[in-house]
Structure formats: C-alpha cells, structure tokens
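Asker: Please arrange chain B on chain A, whose structure you already have, making use of the hints.
Protein chains: 2
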Amino acid sequence: MILPVTFWFEFASTYSYLSVMRIDAEAEKRGVQVIWKPFLLGPMFKAHGWNTSPFVVYPKKGRNMWRDVERRAEKYGLAFNRPDPSDPRDFPAHSVLAARIALVGLDESWGKQFCRNVYVAQFANGEDVSDPVTLTRLAKSAGAEGGIIARATTPDNKFRLRTQTEDAFAANIYGAPSFTVGEELFWGDDRLEDALDWALR
Amino acid sequence: MILPVTFWFEFASTYSYLSVMRIDAEAEKRGVQVIWKPFLLGPMFKAHGWNTSPFVVYPKKGRNMWRDVERRAEKYGLAFNRPDPSDPRDFPAHSVLAARIALVGLDESWGKQFCRNVYVAQFANGEDVSDPVTLTRLAKSAGAEGGIIARATTPDNKFRLRTQTEDAFAANIYGAPSFTVGEELFWGDDRLEDALDWALR
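Residue numbers (this note's numbering), protein chains in the order written: chain A, 50 to 250; chain B, 50 to 250.
Chain A with its partners taken away, still in its complex shape (with noise of 0.2 Å):
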C-alpha cells in the first residue's frame, strides 16, 4: 500500500515556495498521492516565543536563508528576485487571505494553480499577496469564480483554516515546509524527494 502525503505550507514561507513548485512533478514521478494543506506558521512561532518569522529573529540565519533559496531556486530552474533589504514590502507576508482562499480552490480544481500563482507573485514578481485586488487577480488566473473573497472569508471557511492550523501543531509541526507520511514527520523543502520516498516503503 501506498501511503498518501500531506502536504503543509505556509504562504509567506520561502522554502514553501520551492516545494509547492516541485512538488507536482515529484510525487507523479513516484505515483504517489499528496493531499495539500495550507496553515498559518504564526502560532508555532508564537510557541516558541516569536512574534515573527525566526528569520527576522535571528538576522544570520536570515541573511543565509535568502541566499541559500536563492542558490536553490536557481538549482531547481524557478525564477527568485530577493527583496532588496530597503524593499517596502513587508516579510513575512501576511498570509492568512491568501490561505483562506486556497481553502475554498483545493476543494474546486484551480487550488493548486493559485497557490503556485501566489508564490511566484510573491517571490519571483515582488508583489503584495496580501492584497485582495492582487489575489482575486490570482485566483482567476488559476480558473475561480468571481466573489472569491466572500467565499474566503465566510466563518466556517476562516474557521476552517484555524482547524488546519490547530491539526499542524496536534501533529507537531513547527515549520513550513513540513511532509506527513503515516507517523513521520519531514521538515524542510530539503525533506519533499526523503517524504515521498517513505510514501513507497
């Protein structure tokens, strides 16, 4: 039996961007099947006593952090513009708009295509993703319905979103990108070929 993987993702998180762009390819490669979940990392942090990203925090890791992904992105074929640190754009995004609506796109057949049009938004075009006009944008690039926002942020689907986000932390994860196959947990985008690989033993 082939185990299906789960999938998390935050949208504001660079390393996600390297996997919801890789991720596709791979599992098909594989047959294996992978189930997409997108959360919010901001109570993680604040478990660990955060209020941003550990990459604000802790302004090495930060500084490795844009050019290890960038080093990456480049590796992987994928277009990754670094903002310029006197970027006005804020980092992290704020990305709870953006998960809400890839909520609602999972469950049609345009999710997958909007969480990688926002990405590359986001990191290789520089724009503000969290911006509904730019979102409704995405969302109907990707093949939505118009009153997209509406249906986002209706209270069973924010509810919906903190659900996912409470099962995230249930299951122990504290970073993004994080695989679940069975009891195992994977960290990193470094981790999605290793996750997948497990999905057939």
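Since the hints were made in silico from the structure, they are not lab data.
Please note: incorrect hints may appear among the correct ones.
Repeated chains share a single entry, so a pair holds when one copy, or any two copies, can fit it.
Cross-link-like lysine-lysine pairs, in silico, DSS-like; alpha carbons within 25 Å at most [as the list claims (entries may be wrong)]:
1) Lys207 <-> Lys95
2) Lys95 <-> Lys109
3) Lys161 <-> Lys189
Answerer: This is chain B only, laid out in the frame that chain A set:
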C-alpha cells in the same frame, strides 16, 4: 581554479556526525580540497539568547531532529543510536576537550580519524565524549602519541580554539555543520554536496 571548502563542525552536533562521516568520499569524488575546522557552537547560541542547543530549547524541533538524523543515518548506512529520553548522557555533550584534541590531530596525521572516532563513540555507541579517558583512547586508536590531553590543553591550543570559534562567528556561521566556499556559506549536512559542487563552478 577549484576553490577549497572549509568544513566547520561542532562535536556535540548530530548533523555534524553525518557530514564528518560522509565528506571525505564526496570530496574525493569531485577532487575538492576540504579544510576541517572544529569550533564551538556555544557562543553562537548565546548570541541567540539560548543557553543550550535549540533542539533542547524547542522540544518539537528536537524530537523531529532525532528522528530525522536516525532516518538519514539509515539512508547513508551509518550506525546511529538515539539516546533514550531517560538516558543519563547529556545532550548536547560538553565538546570543548574533543575540539582541542582535534585541533592538535588535524595538524598531524590522525585528526580526521580522531574526529570520526569521537562521533561514532557518541552517536553510535553512546559513550561520554567529554571524558578525558575516553578521548585519550579514541585519539590513540586514531594514531596519536601519548600526552595528548596535556598537548591539547596548553594555553596556546586553548587560544587557538577560541580564535577559530571567533572566525566562525565572523564568517556569519550560526549552526553546524557549515561549509564556506569563497564568499558562500552553506549550512547543514543536507548542503554538503551543494557546497562541494560550488567549489567546482
């Protein structure tokens, strides 16, 4: 011109174990020269406001680290025994004497083998590698002459380890293992191959 790779490692670090065991074969495959530099992570952790390993400070991260190293050791064919939670051994180990001995050995012919011996003793055999008697045995079995503790603890050699640790700090290193190639910094055993490949660019 092939750049040399500087390999920074800490004796208490689990991921450094994986790199210490793997780096010679990977470097040889590529014809890359590697300079081994043990250093102490303690000052880096202090700069982050931690008084011990982040794997102790953040228990979920720590729990997954042990399992991740276990999985990767299996993948690489390396023996690994993760300490039982009730294990009286300390993690992280007090690594200063091992690092001082390694500095002496790396100037002679037995340094690399001593390093490998210390990691295997610690992470495969569950030995206390802060113990001078254990370290003397591991040094001798690597080919060291007698009197190694005395030679490792001269004021000059202590100063040398302090300086090497300051050099790591100045090179923006914040974890182990790390690899520096020219101006590039790579962090983590999972970047070992990337660092060596970079030397060939």
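Asker: Confirm or reject each hint.
Answerer: A quick look at each hint next to the structure:
In this assembly of identical chains, Lys207 and Lys95 lie within 25 Å of each other by CA distance solely inside one copy; the values are 20 Å within and 40 Å between copies. Taking identical chains as interchangeable, the C-alpha atoms of Lys95 and Lys109 lie at most 25 Å apart whether they share a chain (20 Å) or sit on different chains (14 Å). For a Cα distance limit of 25 Å, the shortest separation of Lys161 from Lys189 inside one copy, 13 Å, qualifies, whereas the shortest one across copies, 58 Å, does not.
Every hint from the earlier list agrees with this structure, and none is contradicted.
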